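Novice: Residue strings, one per chain:
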Amino acid sequence: MRKKIVAILLIATMAMGIAACGGSGDKKDDNTITVWCWDKTFNIFAMEEAAKIYQEDHQDVKIDIVEVGDVDVQSRLTTAGTSGDLSTLPDIFLMQDHAFQKNVLSYPDVFTEISEKKIDFSEFASGKTDFSVVDGKHYGVPFDNGAAIACYRTDILQEAGMTLEDFTDITWDEWVEKGKVVLEKTGKPLLTTTAGECDLLTMMLQSAGASLFNEDGTTNIAKNDTLKKVIDTYCKMKDSGVLQEVNNWDEYTGSMLDSEVVGVINGCWIMGTIQTAEDQPGKWAITNIPKLTNVKGATNYSNIGGSSWAISGNCGNVELAEDFLASTFAGSTELYDNILSCGAIATWTPAGDSDAYAVPNEFFSGDAVFKKIVDYSTKVPSIITGPYFHEARDAISVATTNITNGADLEEELKKAEDTVNFNMGQ
Amino acid sequence: MSNKPRKMTLEKKHNLTGWAFLAPAIFLIAVFSFWPMIKALVLSFQTGKGTNMQMAGFTNYIRMFQDDVFIQSIKNTFFYFILQVPIMLAVALVLACILNKKDLRFKGFFRTMIFLPCTTSLVAYSIIFRSLFANNGLVNYVLVNFGILDKPYNFLTQPFAAKMVIILALLWRWTGYNMVFFLSGLQNIEYSVYEAAKIDGASAIQTFFKITVPLLKPTILLTAIMSTNGTLQLFDESINLTDGGPANASISMSHYIYNLCFKYVPNFGYAAAMSFFILLLVAVLAFIQMRVGDKRD
Numbered sequence: 001m002r003k004k005i006v007a008i009l010l011i012a013t014m015a016m017g018i019a020a021c022g023g024s025g026d027k028k029d030d031n032t033i034t035v036w037c038w039d040k041t042f043n044i045f046a047m048e049e050a051a052k053i054y055q056e057d058h059q060d061v062k063i064d065i066v067e068v069g070d071v072d073v074q075s076r077l078t079t080a081g082t083s084g085d086l087s088t089l090p091d092i093f094l095m096q097d098h099a100f101q102k103n104v105l106s107y108p109d110v111f112t113e114i115s116e117k118k119i120d121f122s123e124f125a126s127g128k129t130d131f132s133v134v135d136g137k138h139y140g141v142p143f144d145n146g147a148a149i150a151c152y153r154t155d156i157l158q159e160a161g162m163t164l165e166d167f168t169d170i171t172w173d174e175w176v177e178k179g180k181v182v183l184e185k186t187g188k189p190l191l192t193t194t195a196g197e198c199d200l201l202t203m204m205l206q207s208a209g210a211s212l213f214n215e216d217g218t219t220n221i222a223k224n225d226t227l228k229k230v231i232d233t234y235c236k237m238k239d240s241g242v243l244q245e246v247n248n249w250d251e252y253t254g255s256m257l258d259s260e261v262v263g264v265i266n267g268c269w270i271m272g273t274i275q276t277a278e279d280q281p282g283k284w285a286i287t288n289i290p291k292l293t294n295v296k297g298a299t300n301y302s303n304i305g306g307s308s309w310a311i312s313g314n315c316g317n318v319e320l321a322e323d324f325l326a327s328t329f330a331g332s333t334e335l336y337d338n339i340l341s342c343g344a345i346a347t348w349t350p351a352g353d354s355d356a357y358a359v360p361n362e363f364f365s366g367d368a369v370f371k372k373i374v375d376y377s378t379k380v381p382s383i384i385t386g387p388y389f390h391e392a393r394d395a396i397s398v399a400t401t402n403i404t405n406g407a408d409l410e411e412e413l414k415k416a417e418d419t420v421n422f423n424m425g426q
Numbered sequence: 001m002s003n004k005p006r007k008m009t010l011e012k013k014h015n016l017t018g019w020a021f022l023a024p025a026i027f028l029i030a031v032f033s034f035w036p037m038i039k040a041l042v043l044s045f046q047t048g049k050g051t052n053m054q055m056a057g058f059t060n061y062i063r064m065f066q067d068d069v070f071i072q073s074i075k076n077t078f079f080y081f082i083l084q085v086p087i088m089l090a091v092a093l094v095l096a097c098i099l100n101k102k103d104l105r106f107k108g109f110f111r112t113m114i115f116l117p118c119t120t121s122l123v124a125y126s127i128i129f130r131s132l133f134a135n136n137g138l139v140n141y142v143l144v145n146f147g148i149l150d151k152p153y154n155f156l157t158q159p160f161a162a163k164m165v166i167i168l169a170l171l172w173r174w175t176g177y178n179m180v181f182f183l184s185g186l187q188n189i190e191y192s193v194y195e196a197a198k199i200d201g202a203s204a205i206q207t208f209f210k211i212t213v214p215l216l217k218p219t220i221l222l223t224a225i226m227s228t229n230g231t232l233q234l235f236d237e238s239i240n241l242t243d244g245g246p247a248n249a250s251i252s253m254s255h256y257i258y259n260l261c262f263k264y265v266p267n268f269g270y271a272a273a274m275s276f277f278i279l280l281l282v283a284v285l286a287f288i289q290m291r292v293g294d295k296r297d
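So the sequences go chain by chain: V and Y.
Here the first sequence is numbered in our numbering, starting from 1 and rising by one per residue.
Here the second sequence is numbered in our numbering, starting from 1 and rising by one per residue.
If you're looking for bench data, these hints aren't it; they were derived computationally from the structure.
Quick caveat, the model's predicted, so the values are computed rather than measured.
Where is the CB? At the ideal position from N, CA and C, for every residue including glycine.
Don't take each hint at face value.
As the list claims (entries may be wrong) - Listed next, the stretches of chain Y that the computed footprint assigns to chain V, with coverage defined by at least 3 CB atoms under 8 Å from CB atoms of chain V:
# : segment
1 : 63 to 71
2 : 153 to 161
3 : 172 to 184
4 : 198 to 209
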């Protein structure tokens, strides 16, 4: 008898377990917007602020923010996209800019086109919106700014008898020459970069408006003169000792915070990391990046990193989601003022006119850095990224690593182009 | 014949009960293990971006031998496996013999210490090795301070050094694991065999090669197959320690498959085909090892 009771209990638990697996959650609520994003101090904070602003006028709307890491967003999209079961997706999610094209092309069902009637995309920097445009359709509302900035330690520059002015509006050739002087006088390289990662290279390339792809989607590597110039410049920087290579992100941030190097060139989001150096307030200053020498269309402005908001193919109330984004990230200076404290700088141009952006920043030598960066971001040349951006980036970093170790430039670029073409032809 | 009783025989009944108990497990294995394998096999004959797939015959299988990065990754993986597996097994065997000595003190302590690396997570130890061999890491610090090097050597940006760091990491992580198998194998060898050898005047080296190794052959075979299998599927070290670099010099096959699925424009068919190629390699290598290791005829 006892055995039977135990058996019945066991069967009951198993049956309940199976029933729980089969349950399909509760019914979707038309007035709730679920959002996936990562980084508590940055994206999630911004989304929470946006929710507060929107709820002032729409008290019945609930914004449900779920923390999902950026790598997890990618794998969840892949799972939903390949299985065709979109019900697991939220209404809105954040997507890395450089992965946008690839995902829209691979999993078109996962995205919903965002209507231009609701959101005025011309108010965003075009270098930024282009990441999320596929076949002329908008799939993303730009969020954080990735405008490239150059940050230097003015106290170290002073030791070498230089000022920030000497590094503003210059070319890379001049930069190398000045870097040599700094290296000689202070023993410190101007810059570090992660070996085998081509963030710096793509930044330099974009600053001249050059892309790794042509308009028709074909590769533009082996005969890309700007790219050759970029790699050439990179070799010069490395050979002169002005550029130091490290192995990973920890070493990279370590080198700049421990005063091992004089400066950093990266997207403006790097400011958050720089400001963790509590012993260095007032010692850092920001200016634009150097431009390529003797290249047509070369500028001192570029872009790296950043992300955009996408509306998923599972969104129950697209109109509401669009309205939410239109009245916050694409229409509220108040929001951008509120989130400035975490270092999130708008790509939405009207936000830059706000007074909050003109407030001098004590950490960065009392400069109105935010206004400066918004200004930079409007001048960033637009490029073609295409879905095969990652393949091209990897091929270029392999080529550059080999070239800096003595391989032939033309040959390596030919090989890189072949690799990317191989990846594209399926 | 015609008046055969309808009742099942006792044997049939027993068999049926057995199958009834096995059925749930079989069902689960079939659904969660074999069905995906079959799906993957079908997938490996398809091609396309993401979800837009068409049948393509053997294109994926032909394509992988034209893929320079994949060939590079095969070479790397073989480099790891040819160098690392023999060294590791030899070291593990020697350690096991030492720790099996009857008169050794603190045996339990040493065994635990050597086995301990095995309990660390793959990702964690990869990251620790990465920081050990960094420009400002412990290894460079020691080398520079002892005057062996003038300035830090950047191990992870040199193709050969990067591979050696991975091999070193693998040795640290897995030697103790294999040692445990050898230890348990050694326990099964009668001590009287050694005594007899001693009486006959055999040296320590002779007993090792004439008694220990032959009697441990099944264990050596087992560890060799497991290690080969593990090395061919190397992933965590490649992605966390060196990130495949410099210039793909240390990328492993599984790492490249991961890139194709999650980093690049996803091409699941091609990635599945590569996975089956690894399966084939493991099968062939295991077969060769069994043939070489098993001399019974």
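Novice: Take the hints in turn and mark each one as holding or not.
Specialist: Evaluated hints:
no.	hint	result
1	63 to 71	holds (count 4)
2	153 to 161	holds (count 3)
3	172 to 184	violated (count 0)
4	198 to 209	violated (count 0)
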